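Participant: As given, the protein sequences belong to chains A and B, one line each in that order.
Anchor point for the first sequence: position 48 equals 48 in my numbering, and the numbering is continuous, going up by one each time.
For my numbering, add 1000 to where a residue sits in the second sequence, where the first one is 1.
Note that these hints are calculated values from the structure, not bench results.
Predicted, not measured: the structure shown is a model, and the values here were computed from it.
Beta carbons: idealized from backbone N, C-alpha and C, even for Gly.
Honestly, I wouldn't trust all of these hints.
Said to hold, decoys possible - Partial selection, computed: residues in chain B whose CB lies under 10 Å from chain A:
1) L1036
2) V1047
3) L1092
4) P1096
5) T1112
6) E1117
7) N1141
8) K1145
To be verified - Result set (DSS-like, lysine-lysine): computed pairs, CA atoms no more than 25 Å apart in a straight line:
9) K53(A) <-> K1154(B)
10) K1057(B) <-> K1207(B)
11) K1052(B) <-> K1154(B)
12) K1046(B) <-> K1145(B)
13) K1196(B) <-> K1052(B)
14) K1057(B) <-> K1145(B)
15) K1196(B) <-> K1207(B)
16) K1046(B) <-> K1057(B)
17) K1154(B) <-> K38(A)
18) K53(A) <-> K1145(B)
19) K1154(B) <-> K1196(B)
20) K38(A) <-> K1046(B)
21) K1196(B) <-> K1161(B)
22) K1207(B) <-> K1052(B)
23) K1057(B) <-> K1196(B)
24) K1207(B) <-> K1154(B)
25) K38(A) <-> K1145(B)
26) K16(A) <-> K38(A)
27) K1052(B) <-> K53(A)
28) K1052(B) <-> K38(A)
29) K1154(B) <-> K1057(B)
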Amino acid sequence: MSNIPFLNISIWTIVKIFVLIGFAIYGVFAVVLVRQVKLMTETLDAGLDEFVKFLSYVHLAFAILVFVLALIIL
Amino acid sequence: MPDIFISDLKDEKRKAAVQPKTKSQLENAEGHSHNLFSAFYLWPEKVDFETKEDEEKVVLLLRRHLITNVGWILMAIAMVLAPMVITRFPILDFLPGNYRFIAVLFWYMITTAYTLEQFLDWYFNVYIVTTERVIDIDFVNLIYKEVSDADINKIQDVTYKMGGVIRTMFNYGTVLIQTAGEVENFDFEDVPNPTKVTSILQDLRLKEEREDHPGALG
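Can you build the whole structure from these sequences, using the hints too?
Facilitator: Dropping the structure here:
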């Protein structure tokens, strides 16, 4: 495994930190999406509201799951 | 006193703008459906919106024609299939196995977000015609919305544009509404059956005029 000489840490540790930051940002986006769907369903009720809300929560759960998974397996 | 002028417009022509009184009339109304993904929804039963008044009835709910979604649906399918194709080439081979797995998961997350955003954009950007107003609901990005409305009696001119092979084939186009209200123009973009939308708006205008000036139009 290649190390960065002056820091004496693995390059993959640095990559892991960046990946986790990326997933954290994605998590924030997923939360914003849930808020957006809430705003949309409050503005317009066209019959599919519960389904769309469910999708946005599934998406958020997926984002959290992938973050945790990356934390564990990387 | 005999009538000087009697409008030639018979009720037959104004049927679409007349609210069905019975369930069977509603079911038989052309454009009425129970499909929640419909882009042309006449007399919808389950539609409600934030600023709706109690006495206001929704006459028409419009979205962009379904065919306008083909581009992003094809893109989403390509995005779903991309990892299967990419794994056949040694592009990601420099990554350890666990990183490759996470990279694929990340790609699917992006795909999900893209698909969801496109769907929400289509589903919630709607044009509503009620017995009192026309309303344009726009969600520009993740957290910005713009809701414009104009009273039916403020409408000055309704025209529609329908050009090109695809639009003619699938019968959709843009309905342009000029009003005397604060928002001068409403563009109902890529809505199905623009001829009918225009005729419904004109019928509603006539109806409003009749209500405002009962003797004016016979």
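Participant: Do the numbers back the hint for L1036(B), that is, is its least Cβ distance to chain A under 10 Å?
Facilitator: 5 Å, holds
Participant: So, V1047(B) near chain A? Judge it on the closest CB pair being under 10 Å.
Facilitator: For V1047(B), the interface hint holds, since the closest Cβ of chain A sits about 5 Å away, which is under 10 Å.
Participant: Does the structure keep K1207(B) and K1052(B) at a Cα separation of 25 Å or less?
Facilitator: Given that 25 Å is the threshold and the Cα spacing comes to 20 Å, the pair holds.
Participant: Please verify whether K16(A) and K38(A) have alpha carbons no more than 25 Å apart.
Facilitator: Given pair K16(A), K38(A) is violated - Cα atoms ~33 Å apart, limit 25 Å.
Participant: Regarding the pair K38(A) and K1145(B), is the alpha-carbon distance no greater than 25 Å?
Facilitator: At roughly 12 Å apart (the allowed maximum being 25 Å), K1145(B) and K38(A) satisfy the hint.
Participant: Holds or violated: is the Cβ of T1112(B) closer than 10 Å to a Cβ in chain A?
Facilitator: Status holds, d = 6 Å.
Participant: Does the structure keep K1207(B) and K1154(B) at a Cα separation of 25 Å or less?
Facilitator: 13 Å, holds
Participant: Under the criterion that the straight-line Cα-Cα distance not exceed 25 Å, is the pair K1196(B), K1207(B) satisfied?
Facilitator: Holds: K1196(B) and K1207(B) sit about 16 Å apart, inside 25 Å.
Participant: Does E1117(B) pass the interface hint, meaning its C-beta sits closer than 10 Å to a C-beta of chain A?
Facilitator: 8 Å, holds
Participant: Is K1052(B) within 25 Å of K53(A), Cα to Cα?
Facilitator: Within the cut-off at roughly 22 Å; holds.
Participant: Holds or violated: K1052(B) and K38(A), Cα atoms, limit 25 Å.
Facilitator: Cα-Cα ~18 Å, so holds.
Participant: Is the Cα-Cα distance between K1154(B) and K38(A) 25 Å or less?
Facilitator: With Cα atoms ~32 Å apart, K1154(B) and K38(A) exceed 25 Å; violated.
Consistency with the previously given hints fails for numbers 3, 9, 17, 26, ordered from lowest to highest.
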